[in-house]
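Whole structure, please, built from the sequences with the hints as guidance.
The chain contents come next:
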Amino acid sequence: MPPTHPAPGSEPDYGANSRRPDGSQGDSVTRLMEQATALLAAGVSARAGNDEPGASKLFDDALAFALNAAELCKLKDITGKQIDALLTGARCAACSGHADTVREIIDSVSALGGDFESGEWAQLRDIDLWPDEWLVAAVRRNPPDERALDVLAQRYWKKLFARCQMLTVDREKAADLAQEAWCRVLRGRGSLKPGGNFPAYLAMIATNLWRDQHRSSLRAGEMAASRMTSLDLEAPSADGTLLTLAEAIPDLPALEAEARAKLKLDLDDALARLTPLSRDILVARFIDGESCAEIGRRYERTEQTISGWLRRAIQDMKSFLREAPHGAG
Amino acid sequence: MKTELPIERVLAWRVAQAEADAPPAPRAARLLELSRAWWERWPESFERLVTQLGSIRVNYGHAMVAEPRGRGYPVPAIVARTNVEIGSLAEILYFNVASARLRLRFQVQPPLDPAEPQLEVTFIAVDGPRPLFVAPAVLAPSGEYRVDAELPEALARAWAEIKVTDRMPFRFVLREATPP
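So the protein sequences, as listed, match chains B and Z. Each residue of the first sequence is one higher than the one before, starting from 1 at the first, in the numbering used here. Each residue of the second sequence is one higher than the one before, starting from 1 at the first, in the numbering used here.
Hints listed in this document are in silico derivations from the structure and should not be mistaken for laboratory results. One should not assume that every hint holds.
[Unchecked claim] Derived contacts from chain Z toward chain B, CB cut-off under 8 Å, selection only:
hint : residue
1    : A22
2    : L31
3    : A156
Think of the CB as a built atom: it goes at the ideal place given N, C-alpha and C, for glycine as much as any other residue.
Have a look at this one:
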């Protein structure tokens, strides 16, 4: 439910002092709009400060002020200001996840003959153009807004699936993992942070689920096998990104469709032959761009150790590709 | 022609290919249906199991005297298998919450026969029919079940100080689970 607001036309306490000597309510509208704008700005700050309950309350209050201003404008028949107030209201509603209220406001403005061509109205009207912040706010409500969820799922599905494919090296398992990640996010949707990095959060959930499924084989004990230990003693490369799959892979841009398909199979085969831990650190390092130090903190290993593990994983990839059945090597 | 390629480029290429080959995104309605917890999908079943849990009595004094090896109190547990629901006890062997992760080991008494390789453990509050959390438990060779799962923030805070020798603030519904 959107927040309640004072009855249309009623003079709220916050506007009483602004009554003009001639008794007009023109300044009341201004005051209401100032309040709405100030609360909206405070909500934005609260959200940036990770105070989501506080932000939500501020946005709801701002929405109530803006809608009240719009009602006063309607009574006074000042359509231009009414549309401005509704725009602020729609912005507040979007920030607090009241997607239905946004749609109701759009309908009201449409009835008033509002111009939807301007940037902000155009964005508010088309949910596909909503930023993640608005969509996440609408999904975290109870019940979640299905249209917002559809847009969000559509927006990040391919990226999520691709990450899951790299981890599972199996199309069906990747689809299952991506779906399970979404389910996990939705079960805990009340704690979603609209101001956060949603795609990164989704990717993290999927990766954690996959890690949970492979927890035993990801334990350091297993990876501290002798072949890794010897590498730990070597001097780390100054920059892991300089490590190459030299001579094992053909030139990518020059590939024909058939060769691309074969290379895909060979890469998947090589990735599948890696241990889950090797795959995890390759994805973390080269797809997520995590540093060896960051990965090391997760595995409680030094940067040098992770660097050694990475080199080993790359060497394994190279040798698996040389043995590749489809000739990538 | 062979050329030298940075690994990140090769992996990025594979990621791009995977994105291009991705199946269609599931619809919101489907995701919402899938994300519903089992107790929301089958509330009657949940109510029945919680009622059964309430009827399991644990003699705590006897349990601690009889179990002097530093293990914890047993907690009431219902083992819900296909067509059969058995009242039981779960002996807590290890309990630790760190970095919002729960690490828990427990043994079902009497042991399940046949043993399930994996169970889905639903933690139910002791003071009411409130589901708290659900996590998979994997059977270890020793016959005990191990839970290693991320906790919701509120539970991680509330359970941070709990020791294995404390009375546990939960009961279990143990359901068969398909291994991943």
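Structure-based check of each hint:
1. A22: holds (4 Å)
2. L31: Holds, about 5 Å.
3. A156: The hint is violated - A156 (chain Z) has no Cβ within 8 Å of chain B, the shortest such distance being about 12 Å.
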